[in-house]
Amino acid sequence: MNTRTDGEVIRTRGLTRSFAMGSTTVHALRGIDLVIQRGEYVAIMGPSGSGKSTLMNLIGCLDTPTAGEYWLEGQATAQLGERELARIRNREIGFVFQTFNLLPRASALRNVELPLIYAQVSPAERRARAIEALRQVDLADRMDHRPNELSGGQRQRVSIARALVTNPALLLADEPTGNLDSKTSQEIMALFDVLHRAGHTILVVTHERDIADHAGRIVTIRDGMVASDEPHARTAAP
Amino acid sequence: MRARLVMLWENVKLAWDTLVTHRFRSFLTVLGIFIGVLLVVAVASVLNGFRQTVVDQVEQFGTNNVYVFRMPFVNLGPLSREMRLRKPLRLEDAWAIRDRCPSVELATAGIAAPGFLKRATYRGEEVDSPRLRGVFPDNADVANRVLASGRFFTEQENLHRAPVVVLGAAVADALFPTGGALGKDVLIAGRKYTVVGTLEPRKEGPFGRQNEEDTLFLAPYYTVRRFYPGLDDHFLVARAVSGKLAQAMDEIAEVLRRQRQVRWNEDNNFELGTADTLIAAFDDIVFAALAVMFLLSTVGFLVGGVGVMNIMLVSVKERTREIGVRKALGARRRDIMGQFLIEAVVLCTIGGGLGLLCAEALLLGVGQLLPDLASQTPWWARGFAFLGSASVGLFFGLWPAWKAASLDPVEALRYE
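Same order as they appear, the protein sequences are chains Y and U. Under my numbering, think of the first position of the first sequence as 1, with each following residue one higher. Under my numbering, think of the first position of the second sequence as 1, with each following residue one higher.
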């Protein structure tokens with residue numbers, strides 16, 4: 001599915017992020033070095049307050065680091081302006097949120113089309129690609145439904161379709177099963193497994209061990225630093 | 001370019017969705033703009049209709065006529081010393097214009113009997129403060145007067161100072177409610193005149209008022225001079241050869257400057273008017289009224305605009321999370337800015353459009369009830385309704401849109 005050549009998708013060096021909280025400074029990240037190869041399935045784990053959300057925001061180009069460097073697809077992003085970051089979020093990253101974050105008044109199809117609108121894809125092509133993405137998550141028959149007419153699992157599948165539709169370099173999922181029951185969680189994780197096999201690079205941020213178990217590599221963050229980074233025997237069905 | 005248009009269209013659809021979702025709130029928001037537009041369009045339509053009746057009236061006299069006055073037709077504020085000291089226009093001036101202006105085919109003069117005349121009577125009927133004019137027979141021609149009965153007086157009657165009179169339609173009705181005016185003797189300020197003709201009514205004046213021409217008593221010039229020898233302030237009318245109005249005006253000005261011994265470095269001490277300049281002078285008044293009204297409607301627009309800004313700020317707050325999502329999916333600042341600006345513009349334009357519709361419906365209804373109130377919605381009022389309200393949206397939407405566009409995506413996504 002992913003037609004890009006092999007290589008590094010992500011490389012960070014000394015990635016640091018601190019926030020000024022009144023007179024004190026909070027160091028959320030204290031120098032993260034991380035390399036993710038194309039086709040990897042990585043889980044980032046850590047207790048709350050460990051800095052894993054901050055790391056995800058930086059990797060997702062929603063935030064800029066205080067210090068350190070970050071290359072996405074070989075492109076240095078630390079110095080990029082707002083426009084370029086928006087373009088990268090649009091083309092290179094597919095976000096999957098814990099709370100789905102679908103637009104409530106728009107149909108599933110419209111929601112999936114949204115990134116393509118900002119990519120200035122023509123309406124006809126937009127529709128075709130959105131339908132194709134919905135087919136990948138098995139929801140083509142539900143495309144005219146609004147989010148409130150869909151189950152939690154279906155909503156998350158719509159949001160995965162929205163993340164896939166621009167054919168991004170990286171799928172970035174933040175606690176993708178946090179709002180789902182365990183059965184639906186398994187369905188969603190199975191879908192991630194399928195996408196991984198299809199060649200997508202996936203980064204899942206979670207604090208649940210059994211979600212992380214789907215990944216081929218687990219990075220643990222503690223106090224803003226990488227505490228462990230090791231390959232992991234995937235428990236998912238082959 | 002195409003991509004921009006597609007984006008614009010997406011945003012308009014989005015704005016429309018939001019509006020429909022919050023119908024009532026949206027309507028309350030644009031109430032100020034709605035009322036502002038309603039007022040502007042209604043007043044502009046009435047003024048424009050008013051102006052149109054004036055235009056019709058003036059043009060009924062003929063568009064090739066040049067009128068000479070001692071004072072400006074419309075004068076706002078006190079007369080200057082120079083104006084007060086201007087010499088009266090004389091009968092000879094009219095003949096000079098007739099004889100020496102090649103582009104003038106007809107020139108005539110008239111005189112107004114003093115305004116203090118008590119009344120005109122016939123048997124039991126009377127007209128207060130009759131307006132008696134002494135004119136030459138060709139006045140009928142110059143002023144496009146149409147006879148309803150009888151005839152206009154002749155040059156013979158004029159030269160012999162015959163006490164005859166032609167009645168305007170309104171005074172003929174007033175003195176002879178049952179008709180049959182011809183040949184009767186009417187008393188005007190105690191003097192007896194024989195009616196030789198009556199005139200067709202002229203077009204009604206503004207707001208269905210009587211046309212002043214219908215209230216005239218027209219008597220031969222020399223007759224009036226005989227009864228009122230002290231009168232010396234003439235009004236002159238000249239008719240230009242068709243298509244030579246501009247030349248005629250130049251020639252008349254030249255002749256009058258010589259007649260009135262105006263030195264080469266002094267301004268004219270008389271005023272020339274044509275149908276066009278009379279209308280233009282009237283337009284000054286209309287314009288002043290419109291300017292005042294625009295000022296008032298601006299207040300409505302400002303109040304409405306602040307309301308729009310307020311509701312847009314609320315809308316931005318409510319949709320903080322949506323903005324975060326859009327940014328995460330690749331919306332640039334300008335995309336978000338455009339989305340909220342267009343929402344404000346669509347909101348205001350719909351408010352303005354509704355105001356326009358209501359105004360037109362209202363005027364239509366009033367027109368049915370009061371046919372005399374001639375209203376006519378000018379095209380620029382329609383344009384103003386749309387452009388004005390759209391620019392209110394653009395202006396007052398700017399800050400909320402900027403706030404939305406400046407939201408930090410991380411913060412926005414975390415917002416509950």
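Because the hints were derived from the structure by calculation, they are not lab data. Do not rely on the hints blindly, as some may be mistaken.
Below, a list of computed lysine to aspartate or glutamate pairs in the DMTMM-like style, where the Cα atoms sit at most 25 angstroms apart [to be verified]: (1) U:Lys-13 x Y:Glu-132; (2) U:Lys-87 x U:Glu-271; (3) U:Lys-403 x Y:Glu-132; (4) U:Lys-184 x Y:Glu-84.
Residues from chain Y shown here face chain U by an in silico Cβ test under 7 angstroms; the list is partial [unchecked claim]: (5) Trp-71; (6) Gln-75; (7) Leu-80; (8) Arg-83; (9) Glu-84; (10) Leu-85; (11) Arg-89; (12) Asn-90; (13) Phe-95; (14) Arg-105; (15) Leu-114; (16) Pro-115; (17) Gln-120; (18) Ala-124; (19) Asp-138.
For clarity, every value in this text was computed on a predicted model and none was experimentally measured. Just so it is clear, CB atoms sit at the ideal spot from N, CA and C, and this is done for glycine as well.
Hint status (Cβ of Y:Pro-115 to nearest Cβ of chain U, threshold 7 angstroms): holds (4 angstroms)
Satisfaction of the Y:Glu-84 interface hint, Cβ to chain U closer than 7 angstroms: violated (10 angstroms)
Taking the least C-beta to C-beta distance, is Y:Leu-85 closer than 7 angstroms to chain U? For Y:Leu-85, the interface hint is violated, since the closest Cβ of chain U sits about 9 angstroms away, which is over 7 angstroms.
Y:Phe-95 as chain U interface residue, shortest Cβ-Cβ below 7 angstroms: For Y:Phe-95, the interface hint holds, since the closest Cβ of chain U sits about 5 angstroms away, which is under 7 angstroms.
With a cut-off of 7 angstroms on the beta carbons, see whether Y:Arg-105 makes it to chain U. Interface hint status for Y:Arg-105: holds (6 angstroms vs cutoff 7 angstroms).
Chain U contact restraint on Y:Gln-75 - CB to CB distance below 7 angstroms: Interface hint status for Y:Gln-75: violated (16 angstroms vs cutoff 7 angstroms).
Check the hint pairing U:Lys-13 with Y:Glu-132 against an upper bound of 25 angstroms on the C-alpha distance. holds (24 angstroms)
Satisfaction of hint between Y:Glu-84 and U:Lys-184, Cα-Cα up to 25 angstroms: This hinted pair is violated, its Cα atoms lying about 96 angstroms apart.
Is the interface hint for Y:Trp-71 satisfied, with its Cβ closer than 7 angstroms to some Cβ of chain U? violated (19 angstroms)
Using the nearest Cβ pair, does Y:Ala-124 come within less than 7 angstroms of chain U? Violated, about 11 angstroms.
Hinted contact Y:Gln-120 with chain U - closest CB pair below 7 angstroms: holds (4 angstroms)
Do the numbers back the hint for Y:Leu-114, that is, is its least Cβ distance to chain U under 7 angstroms? Hint on Y:Leu-114: holds, closest Cβ of chain U at ~6 angstroms, below 7 angstroms.
The structure shown violates the earlier hints numbered 3, 4, 5, 6, 7, 9, 10, 18 and 19.
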